[in-house]
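Protein chains: 2
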Amino acid sequence: MKVTALAGGVGAARFLEGLIQAVPQDDVTVISNTGDDEEFFGLHVSPDIDIVIYTLAGAIDREKGWGLHGETYTALSALARFGYDTWFNLGDADMATHAHRTQMLRAGAALSDATRSIAAAFGLRITMLPVTDDRMRTLVDTDAGTLAFQEYFVKRRTADDVRAVRFEGADAARPAPGVLSAIAAADAVIIAPSNPVVSIGPLLAVAGVRDALRETRAPVAAISPIVGGRTIKGPADRMMAALGMRPDAAGIAAAYAGFLDVLVIDEQDAALASDVAATGVRPVIAQTVMRGPDEKRALAETVLRAVQ
Amino acid sequence: MKVTALAGGVGAARFLEGLIQAVPQDDVTVISNTGDDEEFFGLHVSPDIDIVIYTLAGAIDREKGWGLHGETYTALSALARFGYDTWFNLGDADMATHAHRTQMLRAGAALSDATRSIAAAFGLRITMLPVTDDRMRTLVDTDAGTLAFQEYFVKRRTADDVRAVRFEGADAARPAPGVLSAIAAADAVIIAPSNPVVSIGPLLAVAGVRDALRETRAPVAAISPIVGGRTIKGPADRMMAALGMRPDAAGIAAAYAGFLDVLVIDEQDAALASDVAATGVRPVIAQTVMRGPDEKRALAETVLRAVQ
Numbered sequence: 001m002k003v004t005a006l007a008g009g010v011g012a013a014r015f016l017e018g019l020i021q022a023v024p025q026d027d028v029t030v031i032s033n034t035g036d037d038e039e040f041f042g043l044h045v046s047p048d049i050d051i052v053i054y055t056l057a058g059a060i061d062r063e064k065g066w067g068l069h070g071e072t073y074t075a076l077s078a079l080a081r082f083g084y085d086t087w088f089n090l091g092d093a094d095m096a097t098h099a100h101r102t103q104m105l106r107a108g109a110a111l112s113d114a115t116r117s118i119a120a121a122f123g124l125r126i127t128m129l130p131v132t133d134d135r136m137r138t139l140v141d142t143d144a145g146t147l148a149f150q151e152y153f154v155k156r157r158t159a160d161d162v163r164a165v166r167f168e169g170a171d172a173a174r175p176a177p178g179v180l181s182a183i184a185a186a187d188a189v190i191i192a193p194s195n196p197v198v199s200i201g202p203l204l205a206v207a208g209v210r211d212a213l214r215e216t217r218a219p220v221a222a223i224s225p226i227v228g229g230r231t232i233k234g235p236a237d238r239m240m241a242a243l244g245m246r247p248d249a250a251g252i253a254a255a256y257a258g259f260l261d262v263l264v265i266d267e268q269d270a271a272l273a274s275d276v277a278a279t280g281v282r283p284v285i286a287q288t289v290m291r292g293p294d295e296k297r298a299l300a301e302t303v304l305r306a307v308q
Numbered sequence: 001m002k003v004t005a006l007a008g009g010v011g012a013a014r015f016l017e018g019l020i021q022a023v024p025q026d027d028v029t030v031i032s033n034t035g036d037d038e039e040f041f042g043l044h045v046s047p048d049i050d051i052v053i054y055t056l057a058g059a060i061d062r063e064k065g066w067g068l069h070g071e072t073y074t075a076l077s078a079l080a081r082f083g084y085d086t087w088f089n090l091g092d093a094d095m096a097t098h099a100h101r102t103q104m105l106r107a108g109a110a111l112s113d114a115t116r117s118i119a120a121a122f123g124l125r126i127t128m129l130p131v132t133d134d135r136m137r138t139l140v141d142t143d144a145g146t147l148a149f150q151e152y153f154v155k156r157r158t159a160d161d162v163r164a165v166r167f168e169g170a171d172a173a174r175p176a177p178g179v180l181s182a183i184a185a186a187d188a189v190i191i192a193p194s195n196p197v198v199s200i201g202p203l204l205a206v207a208g209v210r211d212a213l214r215e216t217r218a219p220v221a222a223i224s225p226i227v228g229g230r231t232i233k234g235p236a237d238r239m240m241a242a243l244g245m246r247p248d249a250a251g252i253a254a255a256y257a258g259f260l261d262v263l264v265i266d267e268q269d270a271a272l273a274s275d276v277a278a279t280g281v282r283p284v285i286a287q288t289v290m291r292g293p294d295e296k297r298a299l300a301e302t303v304l305r306a307v308q
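Protein chains in written order, with the numbering used here: chain F, 1 to 308; chain B, 1 to 308.
Where hints are given, some of them may not hold.
Far from chain F, by Cβ distances over 12 Å, these chain B residues were calculated [unchecked claim]:
#, residue
1, G42
2, E71
3, W87
4, R137
5, L180
6, T216
7, D261
8, S274
9, K296
Residues from chain F that face chain B, not an exhaustive set, calculated with beta carbons under 10 Å [to be verified]:
#, residue
10, F82
11, G91
12, D92
Everything labelled a hint here was simulated from the structure, so no lab data went into it. Where a beta carbon is used, it is the ideal one built from N, C-alpha and C, also for glycine.
With the hints as extra help, turn the sequences into a complete structure.
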């Protein structure tokens with residue numbers, strides 16, 4: 001069973017940990033958000049790609065929930081000496097990943113080549129694809145002005161009221177090689193429990209991706225990242241409300257209506273099932289809060305059962 | 001008293017530590033070898049510039065004799081994962097320096113701009129100049145083939161027999177802004193106790209530098225890096241012998257004949273004074289082996305007295 005997942009960062013990575021327990025890695029393709037990509041100190045950083053790779057490789061710092069375990073931050077401290085902003089916490093081993101990616105890009109490789117190389121170096125056998133090899137940037141219009149996503153998310157800790165979200169460059173961006181065929185040829189497409197606006201939104205903004213989701217013969221399922229009216233992590237709930245979306249499972253269903261077949265919602269949100277169904281999406285109620293490996297695997301199996 | 005020093009790496013850095021005790025930093029210009037510059041992992045590394053800056057800033061790891069104190073090597077270990085050669089020991093804080101330099105160069109700055117920025121960030125007030133902003137590479141022809149300097153020096157630990165040393169790009173290299181005037185306008189020019197072939201040789205290979213040394217009205221003094229028939233550190237003795245030069249103080253005098261006025265030689269080499277004098281260079285006998293700060297300062301004062 002070939003499974004293609006659309007993924008953002010932390011939430012997606014946690015779900016995918018379960019998925020690769022339920023499906024052989026060789027049968028999994030992950031299409032990753034690149035709207036958060038940013039250049040720091042001359043290094044091309046792809047936060048969502050890396051958090052998925054690091055997490056699936058078991059290299060993530062589980063205490064912190066981000067970064068590599070055993071990480072040091074010597075270079076970042078040293079960069080402060082040269083007057084650089086150091087609000088984006090780049091560890092030394094993490095910088096090695098970015099240096100390698102940057103090297104490959106400067107030598108003419110595509111982001112998808114660099115991504116493949118990094119995933120392989122971390123011992124993964126999944127197919128890891130950036131949604132596009134072209135530059136795309138998620139911009140957040142806020143009361144404090146327009147911010148790049150990392151600025152909004154990390155530097156200013158999502159403190160600003162969001163007015164709009166845009167994907168600069170998305171109009172001209174072409175899907176990376178393999179993206180459309182991975183959606184078309186999958187036995188199941190799963191949208192990970194990620195922020196629909198800033199994590200999955202950039203993927204849908206790339207020409208051809210939304211059509212591919214609509215046209216694929218595979219069932220398309222999503223897991224709601226909003227449980228009991230709140231996101232597990234991150235600003236999705238506030239952001240959806242600010243943008244006039246319902247900040248709940250029904251809002252997630254509405255965001256993906258047109259191509260979504262199944263939405264897995266949490267037991268706590270059982271009362272929303274009829275609102276989800278009203279969007280034309282079949283609700284599946286399950287325990288979606290993942291605390292450990294068993295719950296991650298169980299959620300993946302629930303989703304796979306729901307689309308079979 | 002304005003002092004301009006021509007410098008290589010470790011030996012020069014140790015001498016310059018004494019010099020800045022004897023002369024205010026504002027009056028010191030250091031012209032640095034760039035023939036050893038190399039790109040590692042996409043980062044422009046200038047080993048001789050950095051060892052001088054780190055040493056004069058008191059940031060060097062004195063136990064190891066190279067690298068920054070408090071350094072970690074997390075990124076280097078992580079780079080091995082991607083298949084990179086990691087024989088060149090780049091620490092994490094050191095990489096921050098190279099990332100900053102690389103950023104500036106990519107943005108269009110000259111190596112001399114980056115060098116000034118790094119020296120200032122380390123709190124130095126000396127004028128630190130690369131001999132040239134143009135790319136120049138020291139190549140060592142050996143029995144094992146042609147090696148870039150770092151490959152010969154670090155990777156293969158100077159194990160190969162040297163047949164010739166060349167400075168690729170030196171013909172087209174122009175002196176960096178300030179280099180020729182620093183030699184012309186100095187009250188004293190000092191050639192640090194560095195390898196005459198691979199540390200000072202590249203400086204002399206840049207068009208105009210040798211002429212500036214010949215024409216300056218300032219006295220030009222050198223300190224012999226060879227004491228008792230051996231270099232304090234590095235392969236200068238073997239290299240000079242292999243290239244048909246006398247591997248002693250007289251050989252140093254001969255290498256710089258034509259522009260050198262004074263050569264400071266060690267007490268152990270007092271018997272070589274007449275051979276030095278025979279090259280037209282005035283020998284000054286002193287204790288040149290520097291063990292601590294007092295000996296470094298004393299050597300600097302000896303050299304300054306010799307040219308006054």
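Okay, the hints, checked on the actual structure:
1. With a least beta-carbon separation of about 4 Å from chain F, G42/B fails to lie farther than 12 Å from that chain, contradicting its non-interface assignment.
2. Annotated as non-interface, E71/B brings its C-beta within 12 Å of a C-beta of chain F; the closest such distance is 7 Å.
3. W87/B, annotated as away from the interface, keeps every beta carbon of chain F farther than 12 Å; the closest lies near 16 Å.
4. Under the 12 Å C-beta cut-off, the non-interface status given to R137/B relative to chain F holds; the minimum distance is some 20 Å.
5. With 12 Å as the threshold on Cβ separation, the claim that L180/B sits away from chain F holds: the shortest Cβ distance comes to roughly 29 Å.
6. Every CB of chain F is more than 12 Å from the CB of T216/B (nearest about 34 Å), matching its label as outside the interface.
7. No beta-carbon of chain F is positioned within 12 Å of the beta-carbon of D261/B; the least distance is around 39 Å.
8. Here S274/B stays apart from chain F, with its beta-carbon at least about 50 Å from theirs, past the 12 Å limit.
9. The Cβ of K296/B lies farther than 12 Å from every Cβ of chain F, with a closest approach of about 25 Å, so its non-interface assignment holds.
10. Taking 10 Å as the C-beta contact cut-off toward chain B, the hint placing F82/F at the interface holds, the least distance being around 4 Å.
11. At its closest, the beta carbon of G91/F sits 7 Å from a beta carbon of chain B; the interface hint therefore holds under the 10 Å criterion.
12. With 10 Å as the threshold, the beta carbon of D92/F comes within range of chain B, its nearest partner Cβ sitting at about 4 Å, so the hint holds.
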